Structure formats: C-alpha cells, structure tokens
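Q: If you're matching them up, the sequences are chains A and B in order. As numbered in our numbering, residues 1 to 284 make up the first sequence, in order. As numbered in our numbering, residues 285 to 604 make up the second sequence, in order.
Just so you know, the hints here were simulated from the structure itself, not pulled from any lab data. Be aware that a few hints might be false.
Cut-off 16 Å, straight-line C-alpha distance, at most; resulting in silico cross-link-like pairs (EDC-like, lysine to aspartate or glutamate) [claimed, not checked]:
{"#": "1", "chain 1": "A", "residue 1": "K164", "chain 2": "A", "residue 2": "E110"}
{"#": "2", "chain 1": "A", "residue 1": "K107", "chain 2": "A", "residue 2": "E118"}
{"#": "3", "chain 1": "A", "residue 1": "K107", "chain 2": "A", "residue 2": "E191"}
{"#": "4", "chain 1": "A", "residue 1": "K277", "chain 2": "B", "residue 2": "E483"}
{"#": "5", "chain 1": "A", "residue 1": "K277", "chain 2": "A", "residue 2": "D77"}
{"#": "6", "chain 1": "A", "residue 1": "K264", "chain 2": "B", "residue 2": "E405"}
Keep in mind the model is a prediction, meaning the values are calculated, not measured.
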Amino acid sequence: MALEALALGAAKGAVPTLLATLGAVVGQRAGVLNLGLEGVVYLSAAVAAALGPPWGYIAALVVGTAYNLLYYYLSNDMALNQILLGFAFTMAAYGIGSQLAQPAVGKPFEKPPITGLEAFAAATALAVAIHIMLRTRLGLAIKASGDDPASLDLIGVDVYRVRKIAGVIEGVLASAAGAYLVLAYYGSWTESLVMGWGTLAVITAMIALWNPVAAIGASLVPSIFITLSYALQSYLQASPHLLNTVPYLVSIAVLVAVQLATRKTRGKTPAPRWLAKPYIREER
Amino acid sequence: MRLVQRPSPSPLSYLYAAAGSLATSIAVVFAFTGDPEKSLQALSTVDPWLVARIFVIVGIIAAASLLSYRSGLWNIGQEGQAVVGALAAVASQNPAEALAAATAAAAAWALAPALLRAFAEVNEAVTTFLLSLAAVSVARYFVEGPLRDPGMRGFIATYEAPALSIAAAAAIFAAVLAGIAALYRTRLGLSLRLLASGEEVVKYAGRSPRVYILLALLLSGAVSGIGGAVEIMTREAGRYMTLQQVSTGFGLYGISAAWLGALHPIGSAAASLYIAWLYQVAINLKILGLPAQVANALVGTAMAWGLAGYVLHRYRVVWR
C-alpha cells in the first residue's frame, strides 16, 4: 500500500522532470547547454501561479517560450557565453518571478483530477513523439547543429534558425513543466517551491545520454528520491533540510556513474560535440 | 544581423558594455518610478559606508570568479561556496580563525565538482550550481541544529560571527587582488591560464591538465568562501544567519562584476564599484516602495552586457 502510494507519487513528480528533460534533450542535441532552463521553469511557474488555472496554462507557455527564445537569440546569434548567460537568465527569472507571483503566496489552487499514472503516460507518449521527431529532417538538422554546425551550414541550412526552432520546442516543454508544477503538482506557490527542477532536468538529460526514450527512466531518478524524502520525513529523525539535498546529490551521483560507465565507448556515445561551444559563422 | 571578426581586438568594447548596462539600469529605474525627480533621487542617494562594504564583498567574489573563468572553467556556485564560508565564520571565535576556516570549508565544498570535472569529465557548471542550491539547505540545517544559539530563545538564529572592520576587509580584498596578479605572472599561473585554450594545450606543454583543473576550481571556491565570511563579519548588526536569510545573492553580483571587468583583476575591481552602486540603487527603490527584486534583474542585465563586451572585444556587429 505504502509502496503503491510511493510509486504514484514518484510518477506524478516525474512528469515535470520528464517534460523539462525532453526540452533539455532537444536543446542540448542542438548544441546549446541551456542553464537558463531553470529560469524558464521558474518564470512560467510564477506566471501560472499569478494568473490561476484556466489562463495560467496558456500565459505560462507563451511567457516561458518567449523567455527561452530570447536566451537562444543572445547565446547563438550574438554568441554570448551559453553557461553564464543561462545563469544570468535564471537569476533574473528568480527575481522577476517571485515578484510576479507575490499575490499568489498562500492561496491554494484547485488541482485538476488527474492521477500520476495518467499524467506520466501522457508525458511518455510525448517522449516517443520527440524520439520520432529527432528522426525527421528537422530532427536530423537539430542533431547536426549540435555535432557539426559548420557542415550543416555548408549544405545550406541556417544553423541559427535550426537552433531557434529547438529553443522554441525546449521552451514549450519547460514552460509546460513549470505550469504543471504549480497548478497540478503542488497546487500552491511559495518563493522557493519550484527551485531546482530545471537544473535537475539539465542533469537528467545528460543521464539519459541525450536520448528521449531513455529520458523516461532518467526522469524517475530525482522524482523517486524527492518522493522518498517526503515519505521518510515522518519516519526518520533526520533534518528535513538535509533530506532536501538528497535528490541533488543522487542525481549527481547517477550522472557520474553513467559518465564513467560510458567512458570506454566514448567514441560511440551520442554526446553532442559542440555542446556549449558558440558557433560563429565567420570562424567556420 | 551578424558578427564579423575585427582586424584587431577592441579594448573599448568593455566601456561600451558598461555604458549599455548603465543606460539599461537608468531606463529600468525610470520605468519603475515613472517620475524624473524620484528617479534622480533613487540614482543619486548614496550611503558611502554601504557602498564601500558591498564593493569589497562583490570585489572578492569577482576575484574568485575570474580565477575560474580565466582557466576556462565555469564555476557558477560562488553563492553556495560563500554560504559555506559564512557558516565557517559563524562557527569561529576570532576573525583570523574565521577567515582560515572559511577558506578551508569553501575549498572543501568546491572539491567535489573539481574532482568530478578532472577525473570523470562531469560538467562543472551543472554540479557547482546544484551544490549551491544544496548549500542553502545545508546551512538551514546548521541554523536549526549544530550552530543554533540557545541564548536567542524563541528566535532561530546562529551564533554571532566575529566582527571585522571594513578597513580590514579592504586590506583582505587588496591582498587577494595582489595575490592573483602575482600568481598570473608565475609559471604556475601561466599554466592555469593556458587551460582556457584547451586541455590539450596544457598537455602539450608537458603538464597534467587535471592538476590545474583541480587547482583553479579549489582556488576559486576558497576565495568565494573568504567573500562569504567577509560579508557576514562586516555587518554592523545581526552577524548571524537565520532560516530565511541564508543566501545573499552576492554570487551573481560577483560573477557580473568579473565579466564587466573583462576578467582582469583591476577591471573587475572597478566593475565591483559599479555593481555596488547598482545595489544601492535597488535599496533606494525599495525605500521608495518599489519591488526590491529589481536588483536581481538589474545585475542580471549587467552580466549579459559584460558577456556582450567579451564578444564585442573580438567581433563587431554588422546590421544587414
């Protein structure tokens, strides 16, 4: 019984991670290591919290996607450092988001009547859809922009446009994760509630070795431990603050294990070769 | 619009970046107050002691940042390392002990990402950022548990950190800058900077890149820890940590100053003064009854301008 509740909780918590992870997979496959994903999830969650259930979903998607697209424009077309610009976007989103959602603190929302399994099944279907998308012409272009943008450019494809398309897909998925977190998972908003989910997604995308289907399993890693640490709080005497760090530490540990395990086959792993490197057309 | 390489790098680019950031900040202040007189008041009211204190703290964390970025390593966990440094200071009896403990504790906090980067090739940006979120939780545990001051009765707070004068803090800042300037003139410092050109370059110079990766990240973490300790020790009152007041946001400020200052020790010190002024502006806005969170957005755009300065150093933008 307890185990069943745990599985349901883990499935429900894995949905936002899976959505954001799929976004991160698409973005990183395109060669962009977007640490601003955390900010996109946070800002869209704040917008969703500020507007409430019906319009919150739509507004969160629009604002989150636009914010992500701005990041993609500055970090690719303008070649600003991807990692540090992402950090700046995250910190700015923390500031703007907590201000926007200030009136929503302490006001619970009516959660939609969906179970964890239904939501997880839907997100899984989306993962398969992304997997198929990566095999189409567009998907090939996205993968090429992460592996060898110069060659992609030489055959006449606009690398920056491909990356911006990837950025829109990533933005939609990450904002959906943010809206889901506030309106369906927690059903309430506090300033620090949705912190960390976006960064965890960046890590789970690496754990999944940039494969959307593997992301289904990888997204369960932090979720199981988040649910477990909630469940354990009532049994264990451990400080809730220390239990909060467990999902982060476990995710890092799993990432290290995956990195070490695939080390022997480095040549074959699908790590995008241009990940986090700016592509400047002049230097082709 | 596209980027075209300049025939020779333009040192003016960082001035353009600073001007751009200044213009953005003034525009944001005008947009929020909607009144020239109030804006002028928000922009011109300055408390010299506050600005001096923030300048020193931001400057030390900017120095920590450039130690990492000049080696091509992306440490973005200065915030967490500073929190750990502040915790170590709280646990100490006198300023000297506090600084030593903060240096050691923050270096230890940076050790895990450094080892993972050097030996398992795990991206250090992701791990340092996650660890800085974890540092906040760990600090809350210490506030409630081992470091809680029972003398404060119902109020949950840590013991008081030893006091440090701003003059002493400024001396520490000067020592850190001089240390970095001296370090980058030695063979060791040269190898650290070579790392930015790629690990292979260090390897072909006959040295082990792993050693320098570890060293750069540990130095960066240690100096961030000093920044955190100085922050908590130079407060006029309330030199303790509470559950709500763990994170101070100076990580972002320091990183912004480092980039606006062209990743150069003197440049980043100058940029720290500008960032300290931005902090004062945000406080003035708060007194006028406007959202305090504007500070993060202002400093975030300052950082984006700094990154733009780095690009404009070598490229020019062509509208076409």
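Q: For a quick check of understanding: which of the numbered hints are violated here, in increasing order?
A: 1 and 2
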